[in-house]
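There are 2 protein chains.
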Amino acid sequence: MPPFSFELTARCQRGRAGVLHTPHGDLPTPVFAPVGTQATVKAVTPQQLRELGASLVLANTYHLFLRPGSKRVAERGGLHAFMAWERPILTDSGGFQVFSLADRRSVDADGVTFHSHLDGSLHRFTPESVIGVEEDLGADIIMVLDECAEPHDRAYNELALQRTHAWAERSLRARTRDDQALFGIVQGGVFADLRARSAEFIAALGFPGIAIGGLSVGESKAEMLAMLEVVDPLLPDDRPRYLMGVGSPEDLVEGVVRGIDLFDCVLPTRMARNHSALTRRGRLNLRNAAFAEDERPIDPGCDCYTCRTFTRAYLRHLIVAGEMLSATLLSIHNLRCLVSLAHDLRAAVQEGTLDGFAAAFRAGYNKHRMEG
Amino acid sequence: MPPFSFELTARCQRGRAGVLHTPHGDLPTPVFAPVGTQATVKAVTPQQLRELGASLVLANTYHLFLRPGSKRVAERGGLHAFMAWERPILTDSGGFQVFSLADRRSVDADGVTFHSHLDGSLHRFTPESVIGVEEDLGADIIMVLDECAEPHDRAYNELALQRTHAWAERSLRARTRDDQALFGIVQGGVFADLRARSAEFIAALGFPGIAIGGLSVGESKAEMLAMLEVVDPLLPDDRPRYLMGVGSPEDLVEGVVRGIDLFDCVLPTRMARNHSALTRRGRLNLRNAAFAEDERPIDPGCDCYTCRTFTRAYLRHLIVAGEMLSATLLSIHNLRCLVSLAHDLRAAVQEGTLDGFAAAFRAGYNKHRMEG
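Line by line, the protein sequences give chains G and R. Using our numbering, you'd call the opening residue of the first sequence number 1 and step up by one each time. Using our numbering, you'd call the opening residue of the second sequence number 1 and step up by one each time.
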């Protein structure tokens, strides 16, 4: 078996369950990847990540390229050794971060030139240079450089798609390591015909996995889901599908229902630092005074360290007192919420009950829930 | 056996090894107590505290009285349940914090009136009210209200000592719980005769343990150690001795050599948040660029999670990147440094090698060491 392969082990309607084999272990899918932007999932140790069941972790090429530098990471033995995460790692291409720099970058057919958000220093990414950076970082799954356009701007999306496709081909030619899986990225904004064209083009290149990029960046939820439905029948069944940067509880359910295998999102850790807890019934803002005497865990149905150990009253005290431990404890809970939801979605696919699972989830879920 | 008792199990010169029996377990002494000011040791979970070998944790009565309020903690089942720390807890009396408020408090013979540092609200502590607060919090070891004076001001120390002594007697009469050990506090600034008078007075009251307060508050290290030598022969052998608020590596060694059994200090966690690592050879500022390619752990001789898992290069990256995980990882290391030093001092007492241990420590230690 090559160091990277994907087995589809069950289907339920369009939902999929599988196993991704990587050099750092097997990933049962669907899987949610916590984001470790700067080679750390914020406020959480690798030990805590393992204990909450995380398998795949995402790190950001753009950030690590700037600091501490990908050569320095390579000299430290690569990202797994550097951040002490011996399970699989995925690096993005930096494309999304660079395009978020807006007036601090300029794109041409060959690549993109940008100013660092840290010190204004000038840098350039090409498809080839990004592959070099990602090979230095040494993740199990790496991404091609793509261009993420404003989702409603058709002219820009048409132009960007040409570059994204050309860069995908160049990326494939540039890679030198055979122990990393390089994923292509489908773009096309909210335009069904562009998304279809992109899915067909990227699928034809033979990548071992395919990402769907440029979503959850300003379009409506309905537009995002419509794009998933457009690309689903066009992507090869035997390759994992990765919905980039998406990962609220509702997104996981709706994504799996539409054939997605991999998710990543900063939401759980960012919400944790903003005092919000995710649950399958909705969000709780634990700063709320209503929780000051609430003896319950965040979620009585959750098995994470935080819910096994602490009351809402204590977490609310930490938040009001400005104690950073609250970010750690809420991050553990929020990540566990998504990791266990992905686990249960996998079980529902395997048991043939995905439709019922999704219907029950939708009926119980209120994104704006703030009370107990 | 009463819920609280102390056995002295070995002596080596003036150094002591013992066991404090408490309702939440036995404490081998000498012991270093991490500080959990607001019912949390900053940036560290109770699980991590257990794993690094912490036994006794200190919490601050003043802070918890103001927020979340001692009645609220009592209603949550007391401090052990509230903060999920099932090992022994010690609460101070709030005296030190109140006297640190300077122009925001006024002392009279009966107690002290002060404005909260949080919102300016007016409060009053008396010896009796503080016992009530500490009984609500429910720690295993509680402290009498005392008055901590500027250490070089003789007239103030004489006046404060009268109040501290009268308050000690009132505190003993006020207590109602028999599952908490109430410790008296010796004061007297840097004045040997006042310290001796205070040690004799407090010792005569029959407290199950005796604290030495008002040190490490502006006097020199030599003055502090001289005061320990004054009180050592005057304190009862069969009671634990607690040096309040003191706990650098060098202080632990010099304190144990002078008969101290308990220590607490914010230093390890505060230093951790300021990027400094404590070792038995001195301190390292891990922000230093010299560490950017340093593959060693903080201390090759340390067995903590941080040293077992991460390089200096990675920790330096976290610090430069502003990642809060650095505070957690350095806190774990710094606390382990003091917990294991107390453990080894105990072993040296038991083995009759304390003098040699202290001499070797002093020879290898340079407080200002900053290089690798």
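Calculated from the structure, these hints are not laboratory results. Positions of the beta carbon are idealized from the N, C-alpha and C atoms, including for glycine. Among the hints, erroneous ones may be present.
What the simulated footprint calls covered on chain R by chain G, stretch by stretch (three residues with Cβ under 8 Å from a Cβ of chain G suffice, anywhere in the stretch; the number is not a length) [unchecked claim]: (1) 71-79; (2) 82-89; (3) 99-108; (4) 302-313.
Verification of the supplied hints:
no., hint, in the structure
1, 71-79, "holds (count 3)"
2, 82-89, "holds (count 3)"
3, 99-108, "violated (count 0)"
4, 302-313, "holds (count 5)"
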